[in-house]
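S.K.: Chain by chain, the residues run as shown.
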Amino acid sequence: MNAVDLLFYFFATLSVGGGLLMIISRHPVPAALFMIISLVSVAALFVLLEAFFLAILQVLVYAGAVMVLFLFIIMLMDVGPDGGKVSRIKLISGLAGCLSFGILVVLLLQFSGIGNAEPGNWQEIQNTEPVNGDSLLFSTSMKNFGYGLFTKYMLPIQVAGFLLLASMVGVIVLSKKSITSGGIK
Amino acid sequence: MFDFDMLLMVGLKFLFALLMIGAVMTMAGYSVLAERKVSAWMQGRVGPNRTVLPMIGHIPFVGKFLQGLGMFQPLADGLKFLFKEEMIPGHVNKFYYNLAPIVALVPALTTMTVLPFGEFFAEDGRTIPLMLANLEVGILFVLAVSSLGVYGIVLAGWSSNSKYPFLGGIRSSAQMISYELAMGLSLLPIFLWVSEPGTGALGLSLVDIVNSQNDRAWLLLVQPLSALIFLIALFAETNRLPFDMPESETDLVGGFHTEYGGFKFGIFFVAEYAHIVVGSAIFTIIFLGGWHFLPWIADPWPATWVGTLLGIGWFLAKTIFLIFFFIWVRWTIPRFRYDQVMNLGWTKLLPLALINLIFYVLLVTWLDQPTT
Numbered sequence: 001m002n003a004v005d006l007l008f009y010f011f012a013t014l015s016v017g018g019g020l021l022m023i024i025s026r027h028p029v030p031a032a033l034f035m036i037i038s039l040v041s042v043a044a045l046f047v048l049l050e051a052f053f054l055a056i057l058q059v060l061v062y063a064g065a066v067m068v069l070f071l072f073i074i075m076l077m078d079v080g081p082d083g084g085k086v087s088r089i090k091l092i093s094g095l096a097g098c099l100s101f102g103i104l105v106v107l108l109l110q111f112s113g114i115g116n117a118e119p120g121n122w123q124e125i126q127n128t129e130p131v132n133g134d135s136l137l138f139s140t141s142m143k144n145f146g147y148g149l150f151t152k153y154m155l156p157i158q159v160a161g162f163l164l165l166a167s168m169v170g171v172i173v174l175s176k177k178s179i180t181s182g183g184i185k
Numbered sequence: 001m002f003d004f005d006m007l008l009m010v011g012l013k014f015l016f017a018l019l020m021i022g023a024v025m026t027m028a029g030y031s032v033l034a035e036r037k038v039s040a041w042m043q044g045r046v047g048p049n050r051t052v053l054p055m056i057g058h059i060p061f062v063g064k065f066l067q068g069l070g071m072f073q074p075l076a077d078g079l080k081f082l083f084k085e086e087m088i089p090g091h092v093n094k095f096y097y098n099l100a101p102i103v104a105l106v107p108a109l110t111t112m113t114v115l116p117f118g119e120f121f122a123e124d125g126r127t128i129p130l131m132l133a134n135l136e137v138g139i140l141f142v143l144a145v146s147s148l149g150v151y152g153i154v155l156a157g158w159s160s161n162s163k164y165p166f167l168g169g170i171r172s173s174a175q176m177i178s179y180e181l182a183m184g185l186s187l188l189p190i191f192l193w194v195s196e197p198g199t200g201a202l203g204l205s206l207v208d209i210v211n212s213q214n215d216r217a218w219l220l221l222v223q224p225l226s227a228l229i230f231l232i233a234l235f236a237e238t239n240r241l242p243f244d245m246p247e248s249e250t251d252l253v254g255g256f257h258t259e260y261g262g263f264k265f266g267i268f269f270v271a272e273y274a275h276i277v278v279g280s281a282i283f284t285i286i287f288l289g290g291w292h293f294l295p296w297i298a299d300p301w302p303a304t305w306v307g308t309l310l311g312i313g314w315f316l317a318k319t320i321f322l323i324f325f326f327i328w329v330r331w332t333i334p335r336f337r338y339d340q341v342m343n344l345g346w347t348k349l350l351p352l353a354l355i356n357l358i359f360y361v362l363l364v365t366w367l368d369q370p371t372t
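Chains as they are written, first to last, in our numbering: chain P, 1 to 185; chain L, 1 to 372.
Source of the hints: derived by calculation from the structure; they are not laboratory data. Remember, predicted model here, so these are calculated numbers, not experimental data. Think of the CB as a built atom: it goes at the ideal place given N, C-alpha and C, for glycine as much as any other residue. Please note: incorrect hints may appear among the correct ones.
Covered, in the sense of this in silico footprint (three residues per stretch, anywhere, with C-beta under 8 Å from a C-beta of chain P), are these stretches of chain L [unchecked claim]: (1) 123-131; (2) 144-154.
No more than 30 Å apart at the CA atoms, straight line, and that leaves these computed lysine-lysine pairs for DSSO-like [unchecked claim]: (3) L:94 to L:84; (4) L:64 to L:37; (5) L:163 to L:94; (6) L:163 to L:80; (7) L:163 to P:176; (8) P:176 to L:348.
Here are some, though not all, of the chain L residues that point toward chain P, as calculated from beta-carbon distances under 8 Å [to be verified]: (9) 140; (10) 141; (11) 158; (12) 204.
Use the sequences and the hints to build the structure in full.
M.R.: Below, the structure written as structure tokens:
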């Protein structure tokens, strides 16, 4: 075990532990903070893989998104300085949680190679042919991300962008409604 | 595993990091002094001129001169923050109240790792940029880490459990989110411009941005609109006056740090000035040619250690001028109202940045098209 392994275990523990604490904290603001810890440790794991660009995007995009979450917590969920309590676990959220956990387990078994004897996709990724015949080999450099995203994965990107736009519009509609129906306290 | 060479390398890195922190913290401390002196000068006052060290005050001419400049004031301020009694109000959320100053300071000090501040001419003709870590995506790193700084302010406002800090925290987060967008968009044309095909320069690397301005036009002259938008967003991101919504003392008492005193307040204070120092350095690197001389003129200094030192000095001079510019604006322009800040960010700067981006995309496409 060398220094990199030690760092890996440290940040892996932090990210999993942060995620766990995020789910079980009662108050939403510490939950959001644990989420930041988890996301930043994942960024550190990317750094250990020498994927600096990915690590920075992780911090820039996700940490920024958590900032917006903070605002939602404080403004929309109406958690004042006294601190509000989150609602009890409901049947439907429990069902949704079980379902997504089940899907996650199935996917992990499918791809990690535990379920079947064949090695997973990792080997294939390492042996990718040069893209387009020229010098763009698979690596973690920015150029490859750009090239891949704007050629092979063009459609998924557009779909993801459209989904984000829809969620943004949804948030605006929801927050407007809470102002008109809730009234001023 | 731990051989001597590696220990030496780690030790050297550690030493460089300490030196860098020392330099930036000193500059932050003396920016506070500069703020007080410049404001005094603009208002026809004298400013701090009493503090003096016991022995130095008796040196005939120099001692009085340094005392008049207030050279020892930062030292006295720092000592005062250290020895003042730590008061923790009873109604705060203690853990987050103590955490907030740390969260505010750490990003301010982390951004400096990727700042290049000069170049070293090796004997085999290569030039090595002087910086702690030469990241391929340096500017993105700066944007990412500095965006984490707002958590300190929000946490301080939330954990203080009182009205004015809470309002300050909310305002600050809204302001940061609004202006971060314009800031990022104003930098995109720079990346496009610097990453010319054929030169191998990467627009996201701060070193390549600086070197692309060597004996050519500064990017300030090439893209004045980007520079203007970036500068305005920088003022907003560092919470300086026209944009000091989070602490505006006339309507929010002290804003997010109302409940803080002693050393914790000192940390917030230093973090704010460290942000200004780092922000000025970044503006110098991106738009003012970094350590290179004047636009269109090659560096007049020789490619030896003399040139290295002169380059660093030139870089520092530009940075200090920008810090002065920050102070100058603060004591000249009145504070915006909150709705004016939001209006400026979303309805003026953002469309302007988008138009700027589209214009330079078209321009770069037109310039880069094959001539055959």
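S.K.: Please go over all the hints and tell whether each is borne out by the structure.
M.R.: Results of checking the hints against the structure:
Only residues whose beta carbon comes within less than 8 Å of a beta carbon in chain P count, and the segment 123-131 of chain L has 0; fewer than three means the coverage is violated. Only when three residues or more bring their CB closer than 8 Å to a CB of chain P does the claim for the segment 144-154 of chain L stand; here the count is 7, and the claim holds. Taking the CA atoms of residue 94 of chain L and residue 84 of chain L, the gap is about 19 Å. The hint holds against a cut of 30 Å. A distance of roughly 16 Å separates the Cα atoms of residue 64 of chain L and residue 37 of chain L; the hinted pair therefore holds under the 30 Å criterion.
For the hint linking residue 163 of chain L to residue 94 of chain L, the alpha-carbon distance of about 17 Å falls within 30 Å, and the restraint holds. Of the pairs offered as hints, the one joining residue 163 of chain L and residue 80 of chain L holds, with about 28 Å between alpha carbons and a cut-off of 30 Å not exceeded. Our distance criterion of 30 Å between C-alpha atoms is met by residue 163 of chain L and residue 176 of chain P, whose separation comes to about 24 Å. For the suggested pair residue 176 of chain P and residue 348 of chain L, the alpha carbons sit about 24 Å apart, so the restraint of at most 30 Å is met.
The criterion of a C-beta within 8 Å of any C-beta in chain P is met by residue 140 of chain L, whose closest approach is roughly 5 Å, and the hint holds. Annotation: interface hint on residue 141 of chain L holds; nearest CB of chain P at approximately 5 Å, less than 8 Å. Here the hint on residue 158 of chain L is kept, as its CB sits about 6 Å from the closest CB of chain P, short of 8 Å. Hint on residue 204 of chain L holds. Least Cβ distance to chain P is approximately 7 Å, under the 8 Å limit.
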